[in-house]
Amino acid sequence: MQSTALPTPEQHGIRAHSDGPIVPVQTRSERFRSTDVADFAPITGREHEWKYSPVAAFADLTSGELDGSRVEVEATDATGVSLSWIPRDDARVGRAGTPEERASANAWSSFGEALLVEVAGEEAKTVTVTRSGLGTAPRAAHTVIEAAPFSQALVVLRGIGDARLTENVEVVVGEGANLTVVSLQEWTDESVHLASHFARIGRDAKLKHIVVSLGGKVVRVNPSTHLAEQGADVEALGLYFSDAGQHLEQQVFVHHDAPHTRSRVTYKGALQGEGARSVWIGDVLIGNTATGTDSYEQNRNLVLTDGTRADSVPNLEIETGDIEGAGHASATGRFDDEQLFYLQARGIPEDEARRLVVRGFLAEVVQQIGDAELEERLIRALEAELQGS
Amino acid sequence: MSVLEIKNLHVNVETDQGTREILRGVDLTIREGEIHAIMGPNGSGKSTLAYTIAGHPKYTVVEGEILLDGENVLEMSVDERARAGMFLAMQYPVEIPGVTVTNFLRTAKTAIDGEAPSIRTWLKDVRGAMTNLKMDSAFAERNVNEGFSGGEKKRNEILQLELLKPKFAVLDETDSGLDVDALKVVSEGVNRAHANTGLGILLITHYTRILRYIKPDFVHVFVAGKIAEQGGPELADRLEEEGYDRYHVAESATQ
Ligand SMILES: Nc1ncnc2c1ncn2[C@@H]1O[C@H](COP(=O)(O)OP(=O)(O)OP(=O)(O)O)[C@@H](O)[C@H]1O
Ligand SMILES: [Mg+2]
Chain A
1 MQSTALPTPE
11 QHGIRAHSDG
21 PIVPVQTRSE
31 RFRSTDVADF
41 APITGREHEW
51 KYSPVAAFAD
61 LTSGELDGSR
71 VEVEATDATG
81 VSLSWIPRDD
91 ARVGRAGTPE
101 ERASANAWSS
111 FGEALLVEVA
121 GEEAKTVTVT
131 RSGLGTAPRA
141 AHTVIEAAPF
151 SQALVVLRGI
161 GDARLTENVE
171 VVVGEGANLT
181 VVSLQEWTDE
191 SVHLASHFAR
201 IGRDAKLKHI
211 VVSLGGKVVR
221 VNPSTHLAEQ
231 GADVEALGLY
241 FSDAGQHLEQ
251 QVFVHHDAPH
261 TRSRVTYKGA
271 LQGEGARSVW
281 IGDVLIGNTA
291 TGTDSYEQNR
301 NLVLTDGTRA
311 DSVPNLEIET
321 GDIEGAGHAS
331 ATGRFDDEQL
341 FYLQARGIPE
351 DEARRLVVRG
361 FLAEVVQQIG
371 DAELEERLIR
381 ALEAELQGS
Chain B
390 MSVLEIKNLH
400 VNVETDQGTR
410 EILRGVDLTI
420 REGEIHAIMG
430 PNGSGKSTLA
440 YTIAGHPKYT
450 VVEGEILLDG
460 ENVLEMSVDE
470 RARAGMFLAM
480 QYPVEIPGVT
490 VTNFLRTAKT
500 AIDGEAPSIR
510 TWLKDVRGAM
520 TNLKMDSAFA
530 ERNVNEGFSG
540 GEKKRNEILQ
550 LELLKPKFAV
560 LDETDSGLDV
570 DALKVVSEGV
580 NRAHANTGLG
590 ILLITHYTRI
600 LRYIKPDFVH
610 VFVAGKIAEQ
620 GGPELADRLE
630 EEGYDRYHVA
640 ESATQ
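Same order as they appear, the protein sequences are chains A and B. Per this note's numbering, the first sequence starts with residue 1, numbered consecutively. Per this note's numbering, the second sequence starts with residue 390, numbered consecutively.
This is chain A alone, in the form it adopts within the complex (with noise of 0.2 Å):
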């Protein structure tokens, strides 16, 4: 659905037993996998996983030669989490999954070192890894996230200044572990991020996967959530404001692989300035032994001037029908300029009802972080978007 007018909201539920055929737009679990970026045909950009992307403005990331090396990194103290390099043919790597596409891939191929953030111990503690300064020329990186089993913590992956990044990020989130990954791209507006995450949620273990898509040219952060054992549960959000020239995206795919797992995914953004642009995908794939699966996602856009694109795309494949619910809705609405009279009409100057609407927009998300400090630094963030119109 492409949509750059008037509110086009679009509702699905789909319940267990619901009639009527449900026509997945392809089979996610089916889609070619492999670490090898020689693998990988050449883009075209006509790819469906490619189609939305300005694929000419990063080949260099999808076919070029990468630096490989450490980037670099500040992390702030916690007490129970650790940071450290691991080489690339760790036990520790490739838990979470595999790459579907080519610039997950060239960056799988090309790294170095991953950096590997261990979080243990079950009280919550909140850990901001910054990478900074990694240049103009083309990189490549790997993370690798792991939460022990019962163990609870906040991580923040923060990107500043200058990138040309592509990455995987691998989550695993152990057996009862209570994990919030936050993505947090503030990059310069000439950077370019591409990212992979990759999660794996053990037995009864819950992760709150947060991408926060404001600064860079191009920034594509697709989270891939694994439910791969009973009871475990995802909350996938996501915030975005994409100013003009700017191209924000992201591919949220959520596979439910056991019994009784339970996803939300709520994407959120806002569109300003003259070729402000944002994608959003959302996969959901309930697979055959999901029985009692809880699910369900959402993408809003706020249109807030002329000349933005908003493309939202929800995909449900359910292949049993002994599931508890599943649902996705997708709206794009334009700035209401009735909405701004009614708020004037009350005596607020129209930059701040502007503010006040967008924010209320936005709030949703930034109020599920959980983390009072970030999310009072994310408004202020946003604020600072709002200005610079």
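These aren't lab readings, by the way, just hints derived from the structure by calculation. Just to be clear, a hint being listed does not mean it is correct.
[Said to hold, decoys possible] Footprint (simulated), chain A over chain B, 3 or more residues, beta carbon under 8 Å:
1. 441-454
2. 465-477
3. 491-500
Yeah, the Cβ is synthetic: ideal placement off N, Cα and C, and Gly gets one too.
Position chain B with the ligands relative to chain A; hints supplied.
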């Protein structure tokens, strides 16, 4: 003594079929504390008058003036008009997703007064006003008008009227869609604002029913974009009996 003057107001609206003249020379003066009822058939331009006073961008004033205590209202932006003391209770209030009633009211109050209200008295005022309008306190945490019933939206408009304390209020069919109980509650709210602040009121309505609860000093019959007749409360009674048929004849004669 505040006064709102509307002089020879002509208003156009751009439609797909081109420019359409809707208001054709409206003259009306409302003084502080006065209640004026405007009654007229569907499509006669009542809402257009209300929106034009509030400054809605869809309506273009081609001739005439609106003055508030001698100040040119037409030169003010929508929010400036509100800060100058004008208020419009809308026929169809707008939903604002993600913005709670509490946040909205505080932001509006701060904008109108030029400073934030003192927290303690403000909370008390809001709670008191909601109780008077028989609004559940849960409304405070709901998003503005989102999922509100027609009657709840109208109460929410009057809540704002009572809290923002304007000098002049235009109430556009605040009575439509209300059952008798809600009509009483809303009318009481308007009468309270009138008694407490000397509010001047332009009450737009289709039916005489609300005039049982809100007593107008003047009644104006609005037909084909201007005032066709004016009088005291007795004019409303006559309209009740005779309807607008008499004026329709006059209207077609002028076209
Ligand atoms: N934005 C607009 N675009 C096109 N036509 C409009 C617009 N606003 C008003 N009109 C037209 O102007 C005329 C007057 O409309 P208005 O809403 O002011 O009438 P009203 O007296 O309030 O009617 P009602 O009693 O139904 O509320 C109508 O014919 C209406 O269709
Ligand atoms: Mg009307």
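Here's how the hints hold up against the structure:
1. 441-454: Coverage by chain A holds here, the residue count being 4 at a Cβ distance below 8 Å.
2. 465-477: That given contact holds, which follows from 8 residues of the region 465-477 of chain B lying within Cβ reach (below 8 Å) of chain A.
3. 491-500: holds (count 5)
In summary, the structure agrees with every hint in the numbered list given earlier.
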